[in-house]
Amino acid sequence: MGNKLIVTAAPHMHAHQSTARIMWGVSLALLPAGAAGVYLFGYAALAVIGTAVAAALATEWLLQKMTRRQVTLLDGSAFLTGLLLAYNLPSGVPLWMPAVGSFFAIAVGKQIFGGLGQNIFNPALAARAFLMASWPAYMTSFRAPGFDAVASATPLSALKEGHLRQVYSYLDLFLGNKGGCIGEVCVVGLLAGAVFLFLKGYITWHIPVSYLFTTGILHYVFGPSGLFSGDWLFYLLSGGLVLGAFYMATDYVTSPLTAQGQLIYGTGCGLLTAVIRLWGGYPEGTCYAILMMNAVSPFIDRYTRGRIYGTGKMR
Amino acid sequence: MKLLPEFLKGIIKQNPIFVLALGLCPVLAVSTSVKNALGMGAAATFVLVGSNCIVSLIKKAVPDKIRIPCFIIVIATFVTIAELVMKAYSPALNRALGIYVSLIVVNCVVLGRAEAFASHRTLPASLVDALGMGVGFTLGLALISAVRELLGSGQLLGYTILPGFQPALMMALPPGALLVIGGMLGFFNLLKGRRE
Numbered sequence: 001m002g003n004k005l006i007v008t009a010a011p012h013m014h015a016h017q018s019t020a021r022i023m024w025g026v027s028l029a030l031l032p033a034g035a036a037g038v039y040l041f042g043y044a045a046l047a048v049i050g051t052a053v054a055a056a057l058a059t060e061w062l063l064q065k066m067t068r069r070q071v072t073l074l075d076g077s078a079f080l081t082g083l084l085l086a087y088n089l090p091s092g093v094p095l096w097m098p099a100v101g102s103f104f105a106i107a108v109g110k111q112i113f114g115g116l117g118q119n120i121f122n123p124a125l126a127a128r129a130f131l132m133a134s135w136p137a138y139m140t141s142f143r144a145p146g147f148d149a150v151a152s153a154t155p156l157s158a159l160k161e162g163h164l165r166q167v168y169s170y171l172d173l174f175l176g177n178k179g180g181c182i183g184e185v186c187v188v189g190l191l192a193g194a195v196f197l198f199l200k201g202y203i204t205w206h207i208p209v210s211y212l213f214t215t216g217i218l219h220y221v222f223g224p225s226g227l228f229s230g231d232w233l234f235y236l237l238s239g240g241l242v243l244g245a246f247y248m249a250t251d252y253v254t255s256p257l258t259a260q261g262q263l264i265y266g267t268g269c270g271l272l273t274a275v276i277r278l279w280g281g282y283p284e285g286t287c288y289a290i291l292m293m294n295a296v297s298p299f300i301d302r303y304t305r306g307r308i309y310g311t312g313k314m315r
Numbered sequence: 001m002k003l004l005p006e007f008l009k010g011i012i013k014q015n016p017i018f019v020l021a022l023g024l025c026p027v028l029a030v031s032t033s034v035k036n037a038l039g040m041g042a043a044a045t046f047v048l049v050g051s052n053c054i055v056s057l058i059k060k061a062v063p064d065k066i067r068i069p070c071f072i073i074v075i076a077t078f079v080t081i082a083e084l085v086m087k088a089y090s091p092a093l094n095r096a097l098g099i100y101v102s103l104i105v106v107n108c109v110v111l112g113r114a115e116a117f118a119s120h121r122t123l124p125a126s127l128v129d130a131l132g133m134g135v136g137f138t139l140g141l142a143l144i145s146a147v148r149e150l151l152g153s154g155q156l157l158g159y160t161i162l163p164g165f166q167p168a169l170m171m172a173l174p175p176g177a178l179l180v181i182g183g184m185l186g187f188f189n190l191l192k193g194r195r196e
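Residue numbers (the numbering used here), protein chains in the order written: chain A, 1 to 315; chain B, 1 to 196.
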């Protein structure tokens with residue numbers, strides 16, 4: 001990070017970056033995965049996305065009006081929260097669920113702490129955990145792509161129950177031809193958006209790479225038939241891992257600031273995700289892993305703080 | 001000596017839950033339904049009144065250095081009475097509250113009032129203080145449990161209030177208790193800040 005902190009004398013050029021530009025940029029990057037989700041799961045998915053986004057914007061507007069603060073709907077952060085929440089829901093949920101979830105995300109996840117930049121936890125993930133704890137039946141009934149009412153397990157949940165009935169090719173997993181949440185299935189769409197984010201400089205490689213690397217290694221080492229036999233690619237392409245690693249763990253507010261801190265944070269996310277998946281009670285652990293690392297990221301920041309030049313050892 | 005303010009302060013100005021933030025363990029644990037909350041509130045109030053009165057009476061006889069163990073013995077006596085009575089006359093409530101009845105012994109509200117108030121005040125003042133604190137504790141507990149029962153099971157005092165409502169399971173679980181208590185603490189602090 002050193003090269004980002006070069007201090008020079010004026011004149012300076014404005015880089016035309018702002019919170020709003022970045023938030024809308026990330027939303028744009030999420031578009032291909034969402035379009036794929038709608039294509040795979042039908043208009044029900046579109047309704048879920050629309051409801052979540054509308055409810056998030058409405059809640060943000062209402063709370064900022066109530067507390068007489070400046071209304072910041074146009075900065076895109078509420079839009080992005082609603083969008084990310086919808087991407088984390090199965091397509092078949094009743095429409096009051098994204099609405100309640102978005103309300104929880106904005107009200108309890110963000111505004112109670114003081115609004116954008118003050119929240120401890122990623123609001124969309126906090127809301128997902130809330131919905132998961134409150135209405136687990138809806139949150140774990142997935143539909144098969146292309147059909148309206150055919151129930152399907154996700155690859156990870158089928159594996160957890162010990163019977164992977166259907167054999168998934170890597171290509172199916174990569175393109176999104178599998179059961180799952182709306183925005184997590186189409187890995188290729190998510191990666192395309194991630195490339196855009198890298199090129200724009202909105203995210204750095206530290207968190208996603210350390211996250212995916214750690215999870216992959218652990219899945220490879222602790223395989224089903226002895227050590228070093230795991231199908232790591234299957235695990236990387238399944239569940240919400242790609243969505244989590246590129247779009248949720250990298251949330252500026254809830255992740256560490258320095259490169260060193262981000263590496264620790266990403267490794268921690270990867271470790272917890274693999275531990276929950278391999279030995280935990282849930283088939284997928286991305287959401288909880290990121291939330292837990294959100295909670296410790298202030299500590300990581302504290303211990304990876306850069307030292308002031310010329311002041312000797314960090315105390 | 002004015003007794004009314006001593007009674008009222010426990011309900012609003014020094015509410016044990018929302019202002020002093022004492023005795024939160026039973027508040028977290030038994031606030032799943034209003035019925036449990038009222039039972040717990042009644043038991044805690046009984047112990048508070050009993051221990052405050054006795055502590056106020058023996059305050060001169062107790063050596064300063066061992067006052068805490070003495071208070072605990074007094075409190076434990078009343079908790080045992082409360083628990084035996086509850087077991088005899090309301091076994092269902094006793095089962096619902098479980099270990100938290102015995103744990104009133106270590107409830108900070110009870111020991112706190114004995115130490116901070118009854119150990120150097122007169123008997124009538126201590127009695128009124130205990131009643132006020134007990135009522136404040138019960139009201140706070142009832143308020144929290146009303147929200148949790150309504151959202152967590154769609155019921156109030158066991159009657160279905162919201163038919164067709166899909167209860168949010170989380171509100172009946174420990175995270176729901178923490179959310180509601182945190183939210184209410186913040187809300188009452190906000191009101192307090194506005195008034196001052």
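None of these hints come from the bench; they were simulated from the model. It is possible that some hints are incorrect.
[Unchecked claim] Below 35 Å or equal to it, Euclidean Cα-Cα: the simulated DSBU-like pairs (lysine-lysine) are:
hint: 1; chain 1: A; residue 1: K65; chain 2: B; residue 2: K192
hint: 2; chain 1: B; residue 1: K35; chain 2: B; residue 2: K9
hint: 3; chain 1: A; residue 1: K65; chain 2: B; residue 2: K13
hint: 4; chain 1: B; residue 1: K65; chain 2: B; residue 2: K2
hint: 5; chain 1: B; residue 1: K65; chain 2: B; residue 2: K35
hint: 6; chain 1: B; residue 1: K9; chain 2: B; residue 2: K60
Status of the hints after comparison with the structure:
For the proposed pair K65/A and K192/B, the alpha carbon gap of about 21 Å is at most 35 Å, so the pair holds. For the hint pairing K35/B with K9/B, the CA-to-CA distance comes to about 25 Å; that is within 35 Å, so the pair holds. Annotation: proposed proximity of K65/A to K13/B holds, straight-line Cα distance about 30 Å (limit 35 Å). As the CA atoms of K65/B and K2/B are separated by approximately 31 Å, the hinted pair is consistent with the 35 Å bound.
Restraint check: the Cα-Cα separation between K65/B and K35/B comes to about 40 Å, which exceeds 35 Å; the hinted pair is violated. About 26 Å separates the Cα atoms of K9/B and K60/B, which keeps this hinted pair within 35 Å; it holds.
Hint 5 from the list above is the single one not met by this structure.
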